[in-house]
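A.B. asks: Now for the letters of each chain:
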Amino acid sequence: MILVLIDHDRGEIDSLSLRALTAARGLGQDIEAVVIGSQGAALAGLIGEFGAKVLHVAQHDLITDYTPMASGRALKDLVEKLSPAAVLAAGTPRGNEQLAHLAAFLDVPMAAECLEIALGHPHQVLRARWAGNLIESANVHEELLIATVNNFSFEAISVSGAAATVAVFTPALEPQDYVVKILSRGSAQTKAGVTLNDAKVIVSGGRGVGGADGFGNLEDLAALLGGAVGCSRVVTSSGWRPHAEQVGQTGTKVAPDLYIAAGISGAMQHIAGMKNSKTIVVINTDPEAPILRYADYAIIGDLHQIIPALTSAIRQAKG
Amino acid sequence: MDVLVCLKRVPLAGGALILTPDSRDIETKHLGFGISPHEENAVEAGVQLVEQMGGTLTLLTLGPSDAEEQLRSQLAIGATRAVLIETDGQEWDPQGTASALVEAINADATKFDLIIFGAESADSAGYQIHIRIAHALNRPIITNVKSMRVENGVVNCERVVSDGREHYEAPLPAIITVRDGLNIPRYPSVPGRMQARKKTVEVKQAESRLPKLEKVKLSLAPSKDKGAEILGKGTDAVPALVEVLKSIGAF
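Residue numbers (the working numbering), protein chains in the order written: chain A, 1 to 319; chain B, 1 to 251.
Just chain A, with the same shape it has in the complex (with noise of 0.2 angstroms):
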């Protein structure tokens, strides 16, 4: 049996997990799944739907929202009962977080961001690296195989399946479990308007804007576009843009319609934040920028020039 971690945040699936649970299907054995708090349990339905036939649900008066030990805890007392083959969940940073636990509690090694996956002995794996720029495959020598999924290598796929059974159990929570719990929320720090994460269109510069002051350009044309301003690290690291506008393996992953990219040589770093973006659009002086391989069009040529008369024949077709 593959047992799958789906994670959710006060009962709201994180439908990233669904992709995980469609890897699990690959493996060949029954699945079952398993939420950490009670707020989960309504997810049966939708769980079974991609092919679960036990919900397990970790009920207990303490977990009430994220508490990445006591799910490691919920998850190690729940192994020991059931003995899966395997523990996947989806490789997010909340992902990650819970099966490290579990693989901690346990003292057994864990594979991060897998995109291929084949049980034995030992378990072989490809796993994601660098970024998503190398790919490692690697031998697990441990007869319980505990991996996250890398998440663009599985789409989420149904199989129409009847809702799962759900079965509740308390997991023996130890003290140190939930010394670390959210104590509050507050809302994103960004200004008035579209933020990275939402925005359909992006318009992201690098160290060729040379300043804070060139981003005015940049600004005009996110507005007109309805979009946001995205940059690159180096940008944020000389202080020209607040770093919440960092596109980027160190800041936001985005995928908007859009994505155009000013200015931007394209470090790998950079790339593995925008690459997934719908069309992406290069305006740069260097027709060599390692940026272009990954562009659906370009225009060679200074942004300074371009971006303002690209603003202008906008407004102008716009009429």
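Do not rely on the hints blindly, as some may be mistaken.
[Said to hold, decoys possible] Okay, derived cross-link-like pairs now, PhoX-like style, lysine-lysine, Cα gap no bigger than 20 angstroms in a straight line:
id, chain 1, residue 1, chain 2, residue 2
1, A, Lys181, A, Lys76
2, B, Lys226, B, Lys29
3, A, Lys200, A, Lys253
4, B, Lys226, A, Lys278
5, A, Lys278, A, Lys200
6, A, Lys200, A, Lys318
7, B, Lys29, A, Lys318
8, B, Lys111, B, Lys204
9, A, Lys81, A, Lys53
10, A, Lys278, B, Lys246
11, A, Lys200, B, Lys246
12, A, Lys278, B, Lys224
13, A, Lys253, A, Lys278
Read the hints as simulated data drawn from the structure, not as lab findings.
On the provided structure of chain A, position chain B as indicated by the hints.
C.D. replies: Relative to chain A, chain B alone:
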């Protein structure tokens, strides 16, 4: 307040990666080395805490003898001392790395109030060493911290999620992992560099053990050139781009 920051020496690769002939590692002949991006923020946070509250900042790494270079450059930022657990240059698996770090932390005369890691390494991204260490030391851990302060023996942290911020706290001694954006790391000063040469780097040896997560080989992720359509040069190409944007419904 005694702070420990854990670092990892990694190649500084921004462009296309090349593998060694045996496909077990990245070819680093033509690359410089540094530390992972989030770790620069970890060191800056440690330096700021010691500036505000007094105490010491220790750096710890596991790696080849050349990793002394990264320790020295971070000592120049303002750390007090550094410890290098020297390996034969082979990559250790997360369990082996975590247990060697735990051993060094337990053996140290300083009892660290706060241990800081970068949120993820640039190269291996295993997402687990900090958590294994928290379990072994029986300390609370808060990950992916974007904003923090220490007050009255408690570390207050915020992490940023897609729809907002989450607030956590933990009593010291504790462990946190931090993300880029926490602060703006400073550059080393000239006096800082001079002092760093005189600061102590203690070298310890550790026995490697058979990896349970065993790297077999690496390959490059397929990235095919999308074959960008070059619309032209300079502002002459703007009308063509306007047509493209119109056709995809951008306005």
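A.B. asks: So if I understand the rule, the pair passes when the alpha-carbon distance is 20 angstroms or less; does lysine 278 of chain A with lysine 224 of chain B pass?
C.D. replies: Holds. Lysine 278 of chain A to lysine 224 of chain B sits at ~16 angstroms (cutoff 20 angstroms).
A.B. asks: Please work out if lysine 253 of chain A and lysine 278 of chain A have their alpha carbons no farther apart than 20 angstroms.
C.D. replies: holds, 13 angstroms
A.B. asks: Starting from lysine 111 of chain B, check that the Cα of lysine 204 of chain B is at most 20 angstroms away, please.
C.D. replies: Holds - the C-alpha atoms of lysine 204 of chain B and lysine 111 of chain B are around 18 angstroms apart, at most 20 angstroms.
A.B. asks: Are the Cα positions of lysine 278 of chain A and lysine 246 of chain B separated by 20 angstroms at most?
C.D. replies: holds, 15 angstroms
A.B. asks: Does lysine 278 of chain A sit within 20 angstroms of lysine 226 of chain B, going by the straight-line distance between their CA atoms?
C.D. replies: Holds. Lysine 226 of chain B to lysine 278 of chain A sits at ~12 angstroms (cutoff 20 angstroms).
A.B. asks: Does the structure keep lysine 200 of chain A and lysine 253 of chain A at a Cα separation of 20 angstroms or less?
C.D. replies: holds, 13 angstroms
A.B. asks: Keeping to a limit of 20 angstroms between CA atoms, is the pair of lysine 200 of chain A and lysine 318 of chain A held or broken?
C.D. replies: Answer holds: lysine 200 of chain A to lysine 318 of chain A is near 18 angstroms, not above 20 angstroms.
A.B. asks: Is the Cα-Cα distance between lysine 200 of chain A and lysine 246 of chain B 20 angstroms or less?
C.D. replies: holds, 14 angstroms
A.B. asks: Are lysine 81 of chain A and lysine 53 of chain A close enough, with their CA atoms no more than 20 angstroms apart?
C.D. replies: holds, 17 angstroms
A.B. asks: Within a Cα-Cα threshold of 20 angstroms, do lysine 29 of chain B and lysine 318 of chain A meet the stated pairing?
C.D. replies: violated, 53 angstroms
A.B. asks: Is lysine 226 of chain B within 20 angstroms of lysine 29 of chain B, Cα to Cα?
C.D. replies: Violated - the C-alpha atoms of lysine 29 of chain B and lysine 226 of chain B are around 29 angstroms apart, more than 20 angstroms.
A.B. asks: Assess, step by step, whether the Cα of lysine 278 of chain A is no farther than 20 angstroms from the Cα of lysine 200 of chain A, and give holds or violated.
C.D. replies: holds, 10 angstroms
Hints 2 and 7 from the list above are not met by this structure, while the remaining hints are.
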